[in-house]
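**Student:** For reference, the chains in residue letters:
2 protein chains.
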Amino acid sequence: MTDTAPRRRGRPSRTQSADAPAARDRILAAAREEFSERGYDKTSVRGIAKTAGVDSALVHHYFGTKEQVFEAAVEVAFSPASLKVRDVVLEGPLDEVGERMTRLIFGLWENPVTRTPLLAIVRSAVNNETAAAVFRRLVAAQLMRRIAGRLDVPDAELRTELAAAQLVGVAMMRYVIKIEPVASADPEQIIARIAPVVQRHLTGP
Amino acid sequence: MTDTAPRRRGRPSRTQSADAPAARDRILAAAREEFSERGYDKTSVRGIAKTAGVDSALVHHYFGTKEQVFEAAVEVAFSPASLKVRDVVLEGPLDEVGERMTRLIFGLWENPVTRTPLLAIVRSAVNNETAAAVFRRLVAAQLMRRIAGRLDVPDAELRTELAAAQLVGVAMMRYVIKIEPVASADPEQIIARIAPVVQRHLTGP
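Chains A and B, in that order, give the protein sequences.
Throughout the first sequence, residue numbering follows my numbering, covering 49 to 253 in sequence.
Throughout the second sequence, residue numbering follows my numbering, covering 49 to 253 in sequence.
None of these hints come from the bench; they were simulated from the model.
A few of these clues could be false.
Same chains, same label: a pair holds when it works inside one copy or across any pair of copies.
Stated by the list, open to error - Mimicking DSSO-like on lysine-lysine, the simulated pairs with C-alpha atoms at most 30 Å apart in a straight line are: (1) K114 to K132; (2) K98 to K132; (3) K226 to K132.
The structure presented is a predicted model; accordingly, all values stated were derived computationally and were not measured.
Extracted from the complex, chain A is given alone in its bound form (with noise of 0.2 Å):
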C-alpha cells in the first residue's frame, strides 16, 4: 500500500494508450461487457475499443482478432471460476460433490459480476461456430474432463457432461430465457432440487 498508493497518485498523467496493462484491461472489460450484451456476432474489434476508450489498432495489437478477443475476454473470467469449480469437486467428500457443485454454480450465476461473462458465453456459442469452438475449449478440455478424472465410474466423462447439462439449463431457463416460476423462485429452493439429480449423475447407478 505504502509502496504504490503515492506511487500511483505522483505519476504523471500519460495518454490511454501509453498505460498498458490498464489500457489492456479496459479492453477485456469493454470485450465482456460488448460481448455479453451483443453475443459474438454483433459485436466488433471498433465497438469494444470505443467501449474502451482506446483505438481500434490497440485491441489488435494486444489480442489479434476479434476471435482471439473472445477467448481472452472469457477465458480470464472463466479461468479462475474453472479453477474454483474444479478445487470444489475436487475437495471434500464425494458424496456431496452435487451439492458443492450446484452451489458454486449457482453463486457465479446469482452474482452479478460473474454473470456478465457466463451470459457472453451462452450468448455467443449458441449463436456462432467460432464462439462454440471456444466454449468447447475452454469448458470441455479445461474443466469438465477434469472433473471427470476424479470420479471411479464408468463414463464419467458423459455423467459430467448430463449433470453440467442441467445446470446449463436451470441457467438458461432462469437467468436468460427468464421463464417463470424458475426466474424468480428462491435459489435454495432450485438447489435443493437440483444438487441430488447432479450428484445422481456423478456418483449415482
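Assemble the complex: chain A is given as a structure, and chain B must be docked to it using the hints.
**Tutor:** Using the frame of chain A, we list chain B on its own:
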C-alpha cells in the same frame, strides 16, 4: 392419389403469390429456415421473402411484423409437437412419464425436420427479448403449465421446469454447442441416464 395427382399435373401455371395457401406455407417454411440458421436478430422479412420467392409485402400482408412471422413460424412447428408432448405426458402410467417425455423430446431433436424449428427457437430466444417472450408464451403457458397441472405434487410447475431444464441443457450441449462425448453418444445411453432424472423431477421426493 388418383384424385389429386392428375389434377395437380393438369393445373394451369399461376404466379407464385397468387397461390395463397402455398405462398403462406412457403413463407412459414422460409421463416423457420432463416430463423434457425441466423437467429432472430439477423433474420429480416426481406430475407424470408427472398427465400420463399415472394415479395416482402406479401409477408407483411399475411403475418404483419417480424415478431409475428416468428411467432407463426414457431407455433406451426411447435403446436403439434406441444400437443404430442402433452398427450405423451397425460397418457400412460405416471411412473413412466420421465422415460416417455425424454424419448419424445430426443425424437424431436434427432429428426432433422423438427430439429430446425427447435434450433430456431433456442438460437433466437437466447439473444433476443422478443423471441424469448414468444418462447415463454409457447413453452411455459401452452406446455409446461398443463403438464404441471397433471402432477399431484407440491411445486409442480417448478418441477416441470427443472425437468425441462435437464432436457434443454442436454439439447444445448449435444445439438447446439456440440460438446463431446455428449454430442456423439448413442441416444439410448443418454436416455437411460436422463429419463430417471426427469422422472425424479416430476414425481420424485
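**Student:** Classify it for me, K98 with K132: is the Cα-Cα distance of at most 30 Å met within a copy, between copies, both or neither?
**Tutor:** neither (32 Å within a copy, 50 Å between copies)
**Student:** Is it within, between, both, or neither for K226 and K132, if the alpha carbons may be no more than 30 Å apart?
**Tutor:** For K226 and K132, both the intra-copy (27 Å) and inter-copy (24 Å) Cα distances are at most 30 Å.
**Student:** Treating 30 Å as the Cα threshold, decide for K114 and K132: within, between, both or neither.
**Tutor:** within (27 Å within a copy, 43 Å between copies)
Going through the hint list in order, the structure does not satisfy hint 2, though it satisfies all others.
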